[in-house]
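Asker: Each chain, written out:
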Amino acid sequence: MADVVFDNVTRIYAGAETPAVDALELEIADGELVVLVGPSGCGKSTTLRMLAGLEGVDGGEIRIGSHDVTHVRPKDRDIAMVFQEYALYPHMTVEQNIGFHLKIAKVPRTEIARRVTEAARMLDLTPYLQRKPGKLSGGQRQRVAMGRAIVREPQVFLMDEPLSNLDAKLRVQTRTEIAALQRRLGVTTVYVTHDQVEAMTLGDRVAVLDHGVLQQFDRPRAIFDRPANTFVAGFMGSPPMNLLGGRLEGEDVRVAELTLPTTRAQREALTSDEVTVGVRTDAFVPAADGEAALNSIIELVEDLGSDAYAYCMTDLGGAARHLAVRVDPDEVPDRGAKLRLRPRPGAVHLFDGRTGDRLPD
Amino acid sequence: MTTTTHPSPQVRRGTPAPGTQHHGVLRIIGTTLTWAFASFNVLVLLFMLFSSFKTTKEIFRAPWAPPSSLHFENWSQAWSNGGFGSAAVNTILVVAASSVSVLVIAAPAAYALSRTQTRLAGGLTVFFTLGIGIPTQVTIIPIFVMMAKVNLVNNLFGLYVVYTAVSLPFTVFLLTGFFRSLPGRLEEAAAIDGAGVVRTFVQIMLPLARSGLVTALILNIIGLWHETLIALVFIQDQDKSTLSLSLLSFMSTITSFSDNPNWGALFAGVSILVLPMLALYVWLGRRIVEGITVGATK
Ligand SMILES: Nc1ncnc2c1ncn2[C@@H]1O[C@H](COP(=O)(O)OP(=O)(O)OP(=O)(O)O)[C@@H](O)[C@H]1O
Ligand SMILES: [Mg+2]
Numbered sequence: 001m002a003d004v005v006f007d008n009v010t011r012i013y014a015g016a017e018t019p020a021v022d023a024l025e026l027e028i029a030d031g032e033l034v035v036l037v038g039p040s041g042c043g044k045s046t047t048l049r050m051l052a053g054l055e056g057v058d059g060g061e062i063r064i065g066s067h068d069v070t071h072v073r074p075k076d077r078d079i080a081m082v083f084q085e086y087a088l089y090p091h092m093t094v095e096q097n098i099g100f101h102l103k104i105a106k107v108p109r110t111e112i113a114r115r116v117t118e119a120a121r122m123l124d125l126t127p128y129l130q131r132k133p134g135k136l137s138g139g140q141r142q143r144v145a146m147g148r149a150i151v152r153e154p155q156v157f158l159m160d161e162p163l164s165n166l167d168a169k170l171r172v173q174t175r176t177e178i179a180a181l182q183r184r185l186g187v188t189t190v191y192v193t194h195d196q197v198e199a200m201t202l203g204d205r206v207a208v209l210d211h212g213v214l215q216q217f218d219r220p221r222a223i224f225d226r227p228a229n230t231f232v233a234g235f236m237g238s239p240p241m242n243l244l245g246g247r248l249e250g251e252d253v254r255v256a257e258l259t260l261p262t263t264r265a266q267r268e269a270l271t272s273d274e275v276t277v278g279v280r281t282d283a284f285v286p287a288a289d290g291e292a293a294l295n296s297i298i299e300l301v302e303d304l305g306s307d308a309y310a311y312c313m314t315d316l317g318g319a320a321r322h323l324a325v326r327v328d329p330d331e332v333p334d335r336g337a338k339l340r341l342r343p344r345p346g347a348v349h350l351f352d353g354r355t356g357d358r359l360p361d
Numbered sequence: 001m002t003t004t005t006h007p008s009p010q011v012r013r014g015t016p017a018p019g020t021q022h023h024g025v026l027r028i029i030g031t032t033l034t035w036a037f038a039s040f041n042v043l044v045l046l047f048m049l050f051s052s053f054k055t056t057k058e059i060f061r062a063p064w065a066p067p068s069s070l071h072f073e074n075w076s077q078a079w080s081n082g083g084f085g086s087a088a089v090n091t092i093l094v095v096a097a098s099s100v101s102v103l104v105i106a107a108p109a110a111y112a113l114s115r116t117q118t119r120l121a122g123g124l125t126v127f128f129t130l131g132i133g134i135p136t137q138v139t140i141i142p143i144f145v146m147m148a149k150v151n152l153v154n155n156l157f158g159l160y161v162v163y164t165a166v167s168l169p170f171t172v173f174l175l176t177g178f179f180r181s182l183p184g185r186l187e188e189a190a191a192i193d194g195a196g197v198v199r200t201f202v203q204i205m206l207p208l209a210r211s212g213l214v215t216a217l218i219l220n221i222i223g224l225w226h227e228t229l230i231a232l233v234f235i236q237d238q239d240k241s242t243l244s245l246s247l248l249s250f251m252s253t254i255t256s257f258s259d260n261p262n263w264g265a266l267f268a269g270v271s272i273l274v275l276p277m278l279a280l281y282v283w284l285g286r287r288i289v290e291g292i293t294v295g296a297t298k
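If you read the protein sequences in the order shown, they are chains B and W.
In terms of my numbering, the first sequence has 123 at position 123, counting the first letter as 1, and numbering is strictly consecutive.
In terms of my numbering, the second sequence has 52 at position 52, counting the first letter as 1, and numbering is strictly consecutive.
There's no promise every hint is true.
[Claimed, not checked] Ranges of calculated distance between the beta carbons of each label pair, as one might list FRET restraints:
| no. | chain 1 | residue 1 | chain 2 | residue 2 | range |
| --- | --- | --- | --- | --- | --- |
| 1 | W | I134 | B | E118 | 32 to 38 Å |
| 2 | W | G122 | B | A269 | 53 to 59 Å |
| 3 | B | L300 | W | V202 | 45 to 51 Å |
| 4 | W | I132 | B | G234 | 54 to 60 Å |
[To be verified] If you want a taste of the chain W side facing chain B, the calculated C-beta under 8 Å gives, among others:
| no. | residue |
| --- | --- |
| 5 | R119 |
| 6 | A121 |
| 7 | G123 |
| 8 | R185 |
| 9 | A189 |
| 10 | A195 |
| 11 | I204 |
[What the hints assert, rightly or not] Residues of chain W clear of chain B, computed beta-carbon distances all greater than 10 Å:
| no. | residue |
| --- | --- |
| 12 | P183 |
| 13 | I192 |
| 14 | L208 |
| 15 | V274 |
Hints listed in this document are in silico derivations from the structure and should not be mistaken for laboratory results.
Glycine included, every Cβ here is placed at the ideal spot set by N, Cα and C.
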């Protein structure tokens, strides 16, 4: 087992103008499960494939357990990978699929049998060992792909959206299984997903990427509580944080009728008087009469049973804007109802309106 | 493959999807053409088989009727007089050796070409493809001169070399396309599993390409089995002749040196040439259609 370091790693595809991954710095601790998350095309797979050795590195250095593997072939990196499409060998049985690496590594036959049986037992694959992948369900194939990775007892597990081909229920179930398995085996794992719920629930730490640039790398809670910029704020969380355009007037930020206090450090960090105000859906409270508020009209209500969200149209000094607000699921308001909302003090995130960066607290 | 048998003799035909009925006309034309083509071929085959058991007189009197009595002596006459016995052995040897050699050379070449994106590989692919476009008639004299220089004319080994060479372009072309269609993910999985290039090719890609390889094999066997022009130019001795050459000379003996040619024996000769290929097709033809990559990916 080993730690993994991306040191200023850049990947520029042939013919591309901008890097797919730009000067990436990540330090992943031994045994840690790190989730790479971001929108489609942000460079998650590229990052993972560079770590696997399937993609060239155009700049920087990748280290596994303090060995520089930047130019090492995949087979010499001691990593195992679970592909999104599983990439099982269709002409081999489940048993042969799982044992292929061990066979190549010239592990004695009895030892192969023992480890394959053990992995199959762990993944409930024992009844299917003699089947070919074509005759398995999607969930079973996914487990075979996992089995192929875990029999190896590698330094690092790499997983590229391993659950995206499963239905919603199986995905949640398999997610917990993967988490439990990873904790049990204690193998350093890099896990790619575009699903922020998966990222928040699975990761010891989460790395948020956008356009090949690392936006934030922190514990899930910290990413939720203190998003580093407006991109992270808008990407993580479901529904995402509301971002409202405001303006610095004196020592306060004004958003429509609302005035929000700022600290001196915050004012000094600003590059202009434009401020983006971020408010989570659950950080709104009803405003008392006469209090400054955002006047909103409910356009749509989403009642999920344990949670309910009202999607409102609000007037921000001439410009209409959508707001997502968490409401009491026991007293769901009607469509068309008017709400007077104000953010809970202390639950407001302030970002530089120009750069999008978070202002100091 | 498991086939489910229904207890009821009436097979239920599912209701067609809405809108698909409009293709009815096209479908009828297509089905008619297919059946017409298939029946024509079957008729030709039947005519050949029937005639091979008839006397010449009967062939002309009732060309489409089944033979009234089976004249097996047509077959024995063709076999012994036509020299088909030794020719069959020669043909089987040369065709088998060449079609296997072609695959052994073309499969790795095609795999390499399908997986490298350099300009050189692109050029090489074009170069191989060019070979398909140049008719044998154009190249056969230069090839003959070259082979004569190394004493490989009128020689079965020489014929094998030429057959292998002329079959390469099409086979490489066919297999390049086939390998290109195979998912590259599997090679990445193999690389991570620790397989080198050779092992990946032999243990992963070749089994996946099986239906492509069988297709190429069958097409080459059939093409070379019937090949006449090259054999005619390269082989002079009767004992080195191939089946198509024997048939050719048998045909000329029958038609030109006799007032009363035995057409039945000629058809028996044709049957000897055609039937093995028919059998091969019946045996392996289904494999061409059989897909094996099912389940490789989601
Ligand atoms: N082989 C390639 N050649 C050129 N450009 C590529 C190649 N592979 C990926 N890219 C580009 O690099 C960028 C990052 O791609 P990547 O596959 O890493 O995205 P991703 O984050 O995994 O997205 P997704 O969630 O859709 O899988 C994209 O803009 C993509 O178009
Ligand atoms: Mg991807």
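Asker: Hints first: check each against the structure and report whether it holds.
Answerer: Evaluated hints:
no. : hint                        : result
1   : W:I134 x B:E118: 32 to 38 Å : violated (59 Å)
2   : W:G122 x B:A269: 53 to 59 Å : holds (54 Å)
3   : B:L300 x W:V202: 45 to 51 Å : violated (59 Å)
4   : W:I132 x B:G234: 54 to 60 Å : holds (56 Å)
5   : R119                        : violated (13 Å)
6   : A121                        : violated (15 Å)
7   : G123                        : violated (19 Å)
8   : R185                        : holds (4 Å)
9   : A189                        : holds (4 Å)
10  : A195                        : holds (6 Å)
11  : I204                        : holds (6 Å)
12  : P183                        : violated (7 Å)
13  : I192                        : violated (5 Å)
14  : L208                        : violated (6 Å)
15  : V274                        : holds (34 Å)
Violated hints, in rising order: 1, 3, 5, 6, 7, 12, 13, 14; the structure is consistent with all others.
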